[in-house]
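For the sequence shown, position 130 (counting from the first letter as 1) is numbered 129 according to numbering that gives the first Met the number 0, and the numbering increases by one without interruption.
I should point out that these hints are in silico values taken from the structure, not numbers from a laboratory. There may be inaccurate statements among the hints.
Said to hold, decoys possible - For lysine-lysine, the following BS3-like pairs were computed, each having C-alpha atoms within a straight-line distance of at most 25 Å:
1. K106 / K224
2. K53 / K241
3. K89 / K53
4. K131 / K60
5. K169 / K224
6. K214 / K241
7. K131 / K56
8. K56 / K224
9. K80 / K67
10. K169 / K131
11. K241 / K67
12. K231 / K219
13. K208 / K169
14. K238 / K80
15. K67 / K53
16. K131 / K106
17. K89 / K208
18. K60 / K224
19. K224 / K214
20. K160 / K53
21. K53 / K214
22. K56 / K219
23. K53 / K106
24. K53 / K219
25. K219 / K241
26. K131 / K153
27. K89 / K67
28. K153 / K214
29. K214 / K60
30. K56 / K80
31. K208 / K80
32. K241 / K80
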Amino acid sequence: MQDTTQVKERREIFKTFLGTAFFITSTMDNDQVTLLDFWASPAGMRVRIALAEKGVKYEYKEQSLRNKSALLLGMNPVHTKIPVLIHNGKPICESLIIVQYIDETWKQSPLLPSDPYERAQSMFWADFVDQKIFDLKGKMIWTAEGEEEEAAKKDFIDCLKLLEGELGAKPYFGGETLGFVDVALVPFYCWFHAYETMANFSIEAACPKLIAWCKRCMQKDSVSKSLADPQKIYSFAMKLRKIYRLSEQV
């Protein structure tokens, strides 16, 4: 965690950049919703899906990951990462926390179950996606080669198989409707082409039911309009890998 001096400095930069007018939006009659995001981010796609499911109108502000804006630094001074949801001037950070906030703030089309046990299970599996899928995609695409890459692919497929088992015969992880775990996992679908091409394997061959679930989710406008084009993601991933491997040689 960055020290409190840096955090305070970034907050001051933010206040100077926006002025005090931004902070009085909470007194306005209508909700002011802004999303700070980056087009290729699976975490950001989660938030976009949740907002679309709820029918919430918002302003989208694309962010540079290399030259971070004063707005981003001010709204997320601790981690300085996207996505950040700004609701009536107040920032909410970390994608799963944001999706939960959206679900609790806008009650229509609930994503989390009302039953405490089922709710806890949904949060467990969403956290599993965060802890496993995010980590393994990086190892597969950017860092691993040879035996390490093969091990990463096996771990990745094993994780997907566990998720496939949790899905079972249900149409969605949320049951009959799109739920919290669906929103947490489905953004990675647009990255699957990059994983498969760069690491030379087939996810559908190993996990056909999971891919069928992905395609079912893509029939919903809230999902299909929120996910990036797989070919564009692949080009982006290739550039990132080249940059990473060049930096490792320095």
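Okay, the hints, checked on the actual structure:
{"no.": "1", "hint": "K106 / K224", "verdict": "holds, 22 Å"}
{"no.": "2", "hint": "K53 / K241", "verdict": "violated, 38 Å"}
{"no.": "3", "hint": "K89 / K53", "verdict": "holds, 19 Å"}
{"no.": "4", "hint": "K131 / K60", "verdict": "violated, 28 Å"}
{"no.": "5", "hint": "K169 / K224", "verdict": "holds, 23 Å"}
{"no.": "6", "hint": "K214 / K241", "verdict": "violated, 30 Å"}
{"no.": "7", "hint": "K131 / K56", "verdict": "violated, 32 Å"}
{"no.": "8", "hint": "K56 / K224", "verdict": "holds, 14 Å"}
{"no.": "9", "hint": "K80 / K67", "verdict": "holds, 9 Å"}
{"no.": "10", "hint": "K169 / K131", "verdict": "holds, 22 Å"}
{"no.": "11", "hint": "K241 / K67", "verdict": "holds, 22 Å"}
{"no.": "12", "hint": "K231 / K219", "verdict": "holds, 21 Å"}
{"no.": "13", "hint": "K208 / K169", "verdict": "holds, 10 Å"}
{"no.": "14", "hint": "K238 / K80", "verdict": "holds, 20 Å"}
{"no.": "15", "hint": "K67 / K53", "verdict": "violated, 29 Å"}
{"no.": "16", "hint": "K131 / K106", "verdict": "violated, 30 Å"}
{"no.": "17", "hint": "K89 / K208", "verdict": "violated, 40 Å"}
{"no.": "18", "hint": "K60 / K224", "verdict": "holds, 17 Å"}
{"no.": "19", "hint": "K224 / K214", "verdict": "holds, 13 Å"}
{"no.": "20", "hint": "K160 / K53", "verdict": "violated, 30 Å"}
{"no.": "21", "hint": "K53 / K214", "verdict": "holds, 21 Å"}
{"no.": "22", "hint": "K56 / K219", "verdict": "holds, 18 Å"}
{"no.": "23", "hint": "K53 / K106", "verdict": "holds, 8 Å"}
{"no.": "24", "hint": "K53 / K219", "verdict": "holds, 13 Å"}
{"no.": "25", "hint": "K219 / K241", "verdict": "violated, 34 Å"}
{"no.": "26", "hint": "K131 / K153", "verdict": "holds, 12 Å"}
{"no.": "27", "hint": "K89 / K67", "verdict": "holds, 19 Å"}
{"no.": "28", "hint": "K153 / K214", "verdict": "holds, 23 Å"}
{"no.": "29", "hint": "K214 / K60", "verdict": "violated, 28 Å"}
{"no.": "30", "hint": "K56 / K80", "verdict": "holds, 22 Å"}
{"no.": "31", "hint": "K208 / K80", "verdict": "violated, 33 Å"}
{"no.": "32", "hint": "K241 / K80", "verdict": "holds, 22 Å"}
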